[in-house]
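Student: Okay, here's what each chain looks like letter by letter:
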Amino acid sequence: MNPVLFPRTEEMLLSMVKAYPEARFMAGGTDLLVALRQKQKALPPLIGLERMEGMGDILREGDEISIGAACTLKEVASHPLTRQHLPLLCQGADSVGGPALRNMATLGGNLCTASPAGDTLPALFLLEARPELLSEKGLRTLSMEAFITGPGRTALLPGELLHRIRIPIPPNAPIQHFEKVGNRNAMAIAVASLAALIRMEQGLVTQARLAWGSVGPKVIRSSEAEAALMGKPLREESLKEAAFYAQKAVQPISDIRASADYRKKVSASLLQRLILYRDSDDKGERS
Amino acid sequence: MSKPPENSPISFFLNGSPLSLSVAPGRRVVDLLREDLHLTGTKEGCGTGECGACTLLVDGFPMLSCLMLAAQLEGRNIETVESLEKDPVGEKLITSFEEKGAVQCGYCIPGMEMTALALLRNHPEADREDIRKSLSGNLCRCTGYVKILDAVEDTAKKLTAPKEMP
Ligand SMILES: Cc1cc2nc3c(=O)[nH]c(=O)nc-3n(C[C@H](O)[C@H](O)[C@H](O)COP(=O)(O)OP(=O)(O)OC[C@H]3O[C@@H](n4cnc5c(N)ncnc54)[C@H](O)[C@@H]3O)c2cc1C
Ligand code: FES
Ligand code: FES
Chain A
1 MNPVLFPRTE EMLLSMVKAY PEARFMAGGT DLLVALRQKQ KALPPLIGLE
51 RMEGMGDILR EGDEISIGAA CTLKEVASHP LTRQHLPLLC QGADSVGGPA
101 LRNMATLGGN LCTASPAGDT LPALFLLEAR PELLSEKGLR TLSMEAFITG
151 PGRTALLPGE LLHRIRIPIP PNAPIQHFEK VGNRNAMAIA VASLAALIRM
201 EQGLVTQARL AWGSVGPKVI RSSEAEAALM GKPLREESLK EAAFYAQKAV
251 QPISDIRASA DYRKKVSASL LQRLILYRDS DDKGERS
Chain B
1 MSKPPENSPI SFFLNGSPLS LSVAPGRRVV DLLREDLHLT GTKEGCGTGE
51 CGACTLLVDG FPMLSCLMLA AQLEGRNIET VESLEKDPVG EKLITSFEEK
101 GAVQCGYCIP GMEMTALALL RNHPEADRED IRKSLSGNLC RCTGYVKILD
151 AVEDTAKKLT APKEMP
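Top to bottom, those sequences are chains A and B.
For the first sequence, full-length UniProt numbering assigns the number 1 to the initial residue and increments by one for each residue that follows.
For the second sequence, full-length UniProt numbering assigns the number 1 to the initial residue and increments by one for each residue that follows.
No lab work stands behind these hints: they were computed from the structure.
All values reported here derive from a predicted model rather than from experimental measurement.
Check before you lean on any hint, since a few could be wrong.
Computed footprint of chain B on chain A, listed as stretches where at least three residues anywhere in the stretch have a Cβ under 8 angstroms from a Cβ of chain B [stated by the list, open to error]:
| no. | region |
| --- | --- |
| 1 | 1-15 |
| 2 | 19-25 |
| 3 | 28-36 |
| 4 | 98-110 |
| 5 | 239-251 |
Okay, the calculated bits of chain B under chain A, using three or more residues with CB under 8 angstroms as the criterion [what the hints assert, rightly or not]:
| no. | region |
| --- | --- |
| 6 | 29-35 |
| 7 | 79-92 |
| 8 | 97-108 |
| 9 | 143-153 |
Where a beta carbon is used, it is the ideal one built from N, C-alpha and C, also for glycine.
Could you put the whole structure together from the sequences, leaning on the hints where they help?
Tutor: Dropping the structure here:
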């Protein structure tokens with residue numbers, strides 16, 4: 001029977017990684033234990049992160065919010081700092097699974113799983129989050145583009161840990177909106193999702209960032225769709241034009257949850273629905 | 001599941017009492033409870049985090065015992081459905097579930113009740129929408145949910161009702 005270890009400090013963690021090179025990190029275990037159980041083999045050595053110092057807190061550092069990778073999605077969705085500054089991320093975190101799952105599943109785990117359907121990923125891309133990695137060689141910080149290398153794949157080296165996620169506070173409170181369509185509201189993996197970060201000045205769009213989840217191997221961006229919104233009021237016509245480019249940009253597959261064609265249409269509709277949220281001041285968790 | 005050979009000692013609180021035992025660190029909490037400790041109130045539905053039947057409270061928060069390992073319990077405060085009748089809120093939940101006819105086969109009920117317990121302890125003022133959201137990870141194949149929501153709402157009303165009627 002392999003050990004299940006709970007380091008409290010970085011030093012302990014690094015020595016455990018050395019002693020058990022075949023060990024897997026376990027944060028909430030909601031992806032890992034399901035995957036390991038499917039294999040029906042004995043568990044490998046596990047290094048649990050839930051008791052690590054400096055991985056379970058949310059802080060403001062200058063113009064950044066810094067989130068410990070072992071923070072649960074519940075903590076991320078309900079913390080005053082994230083709710084004030086990063087409502088987009090709160091909405092993403094709050095749409096993962098159900099309440100008990102969110103008490104276990106972590107932000108770091110959602111990132112490291114790197115699923116195309118990971119509900120926090122579109123927000124993390126748009127907010128220009130920077131994953132900070134820790135190994136015996138020290139810390140390194142990557143962009144989201146560099147961290148997620150493909151479906152289920154990350155830039156983490158063997159034994160390297162995702163330590164914190166650093167997110168610059170977006171200036172002058174743009175519209176931040178995340179919406180996910182699944183086969184039902186709770187406990188459903190997304191068929192398609194859209195994160196939008198839109199800044200308006202004097203009624204005109206001065207910045208538009210859009211990211212779709214579940215409709216490609218990675219999070220999908222479309223500079224053409226973003227450009228179609230720029231310099232105009234946020235109205236049906238410009239959203240329709242942007243939606244045309246969105247349908248071209250997404251690369252969905254057909255699977256048991258939905259057909260590729262349906263996913264394309266939903267990607268466009270999610271964008272056109274932004275009109276509904278134009279004037280609302282979306283502030284994080286809706287409960 | 002057969003018992004793996006090597007055990008390690010863990011200590012935690014189970015339903016208010018301290019407990020120390022020796023267990024394989026990778027044993028699932030749901031198996032530890034049901035098979036080793038014979039506390040069969042906690043149910044296993046899916047075993048993959050999707051149904052909520054195995055919900056228990058860890059330091060007061062609902063969590064899924066099918067996705068937790070015994071080693072994670074060290075030092076924690078665990079509450080299972082077996083403790084419900086000794087809890088002031090839990091006791092009211094049991095009565096409301098009975099009075100509102102919210103139980104059919106009963107398989108989902110321990111998970112429903114433990115989730116509702118955590119909600120109503122912290123938010124006795126919870127309304128129907130809050131209750132719906134908080135139970136959104138608990139599946140029931142029998143009742144259609146309406147009577148379960150009625151029951152939890154009934155407990156909430158009892159908790160927030162003025163103590164003495166004039
Ligand atoms: C029923 C159910 C419903 C779900 N619904 C959704 C959903 O709606 N949306 C969604 O996005 N996801 C969903 N998931 C997937 C999962 O819950 C999330 O991806 C969750 O955020 C994973 O976090 P975790 O802490 O449990 O990760 P774990 O399972 O602990 O880890 C996942 C992987 O990442 C590695 N890892 C974790 N943390 C670190 C770290 N800090 N450094 C290095 N490696 C690390 C682990 O070794 C493992 O390989 C669902 C899962 C279940 C079981
Ligand atoms: S048995 Fe744990 S969630 Fe279904
Ligand atoms: S009462 Fe049978 S599953 Fe809920």
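Student: Would you mind marking each hint as holding or not holding in the structure?
Tutor: Evaluation of the provided hints:
Coverage of the region 1-15 of chain A by chain B holds. Counting CB-CB distances below 8 angstroms, 5 residues qualify, and the rule asks for three or more. Proximity of the region 19-25 of chain A to chain B, defined as three or more residues with a beta carbon under 8 angstroms from a beta carbon of that chain, is not established by the 0 residues found. Counting residues of the region 28-36 of chain A whose C-beta sits closer than 8 angstroms to any C-beta of chain B gives 5, which meets the bar of three, so the coverage hint holds. A stretch counts as covered by a chain when three or more of its residues have a beta carbon under 8 angstroms from one of that chain; for the region 98-110 of chain A and chain B the count is 6, and the coverage holds.
As drawn, the region 239-251 of chain A meets chain B at 0 residues by the rule of a beta-carbon pair under 8 angstroms; below three, the given contact is violated. Counting residues of the region 29-35 of chain B whose CB lies closer than 8 angstroms to any CB of chain A gives 0, so the stated coverage by that chain is violated, three being the minimum. Proximity of the region 79-92 of chain B to chain A, defined as three or more residues with a beta carbon under 8 angstroms from a beta carbon of that chain, is not established by the 0 residues found. For a cut-off of 8 angstroms, the count of residues in the region 97-108 of chain B with a CB near a CB of chain A stands at 0, and the three-residue condition is violated.
Counting residues of the region 143-153 of chain B whose beta carbon lies closer than 8 angstroms to any beta carbon of chain A gives 0, which falls short of the minimum of three for the stated coverage.
Hints 2, 5, 6, 7, 8, 9 from the earlier list are contradicted by this structure; the remaining hints agree with it.
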